[in-house]
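Q: As a plain string of letters, each chain reads:
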Amino acid sequence: MARVVVDVMLKPEILDPQGKAVQGALPRLGFSGVSDVRQGKRFELEIDGDATDETLARVHEIAETLLSNPVIEDYAVHVEGGSASAKHRA
Amino acid sequence: MSGLRIGVVTFPGSLDDVDAQRAVRIGGNEAVALWHGDHDLQGVDAVVLPGGFSYGDYLRCGAISRFSPVMTEVIEAAGRGLPVLGICNGFQILCESHLLPGALIRNDHRKFACLDQRVRIENNHTPWTSSYADGGEITIVLKNGEGSYVADTETLDRLEGEGRVVARYVGENPNGSQRHIAGITNERGNVVGLMPHPEHAVEDLCGPGTDGLGFFTSLAAQVLS
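Protein chains in written order, with our numbering: chain A, 1 to 90; chain B, 1 to 225.
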């Protein structure tokens, strides 16, 4: 078993109203000094067997096809506890 | 009445499928209920993807609906030129399916918008808009949380240059859509995505009037001409 993590973030140029709402709430709670907040998604995929190159290629395919929308989002794949990491910006 | 058969897809979480069917009938055509789980378009002459919150808007609006069995058929048929109209959530599904470019993100003002919206028809050469005057302004209903149309500059310039902006918001931008875009079409012109709801403006009794009816009479008019 391996756990592969896919992080999905809106591209920097895409407005993130949810992040703005979170940022707006911080001063009201007494937290200052946060100049920006961007909200993303984290997917944890439990994979049968080891995280081989082939498996990771499949995960990239999953990330590109379903987990992210390449028009507005970038994703990054990494194996939890491992060193393999790859960012993808469409 | 030409009696075209227009399919309206129901996804889990569709809200406006019955209103869309009603609008199809008021427009003089036959409404055919299509089911998301079927690989079957029942030989319809056109398809409407209605508004709502298919699959609860999980993951991204329209992202899961895109992979439903009926969408495989819709995508294939759209490629052959079948007229497809996606309204609101339907527009989001068309973008997720890559039948239309760009994407729809959360409204810039972070609030759900629900209002009577003035819209200008800027392309009346599609099968869904041929009943309207070029540049004509209509009032239909806008109700969305994630209706802000975004695309890169190159895509936006191409849409504008090729006359593929079908409808544009008039007056204040209601949701932050780039270049006030309310609706677009594909290169071929058979697939139209529209954020506001023409199906809620087809009768005087409810809604802001009957300005939306043209979307449901255009097909017949085009076939007859």
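Heads up, some of the hints might be wrong.
Here are the simulated DSBU-like cross-link-like pairs (lysine-lysine), alpha carbons at most 35 Å apart as the crow flies [unchecked claim]:
#, chain 1, residue 1, chain 2, residue 2
1, B, K111, A, K11
2, A, K87, A, K20
3, A, K87, A, K11
4, A, K41, A, K20
5, A, K20, B, K111
6, B, K143, A, K41
7, B, K143, B, K111
8, B, K143, A, K20
9, A, K11, A, K41
10, A, K41, B, K111
11, B, K143, A, K11
12, B, K111, A, K87
It should be emphasised that the hints constitute simulated quantities derived from the structure, not laboratory data. Since we're looking at a predicted model, the values are computed, not measured.
Q: Determine for every hint whether it applies to the structure shown.
A: Results of checking the hints against the structure:
| no. | hint | verdict |
| --- | --- | --- |
| 1 | K111(B) x K11(A) | holds, 22 Å |
| 2 | K87(A) x K20(A) | holds, 24 Å |
| 3 | K87(A) x K11(A) | holds, 13 Å |
| 4 | K41(A) x K20(A) | holds, 16 Å |
| 5 | K20(A) x K111(B) | holds, 13 Å |
| 6 | K143(B) x K41(A) | holds, 26 Å |
| 7 | K143(B) x K111(B) | holds, 11 Å |
| 8 | K143(B) x K20(A) | holds, 22 Å |
| 9 | K11(A) x K41(A) | holds, 13 Å |
| 10 | K41(A) x K111(B) | holds, 21 Å |
| 11 | K143(B) x K11(A) | holds, 26 Å |
| 12 | K111(B) x K87(A) | holds, 32 Å |
Violated hints for the displayed structure: none, as all numbered hints are satisfied.
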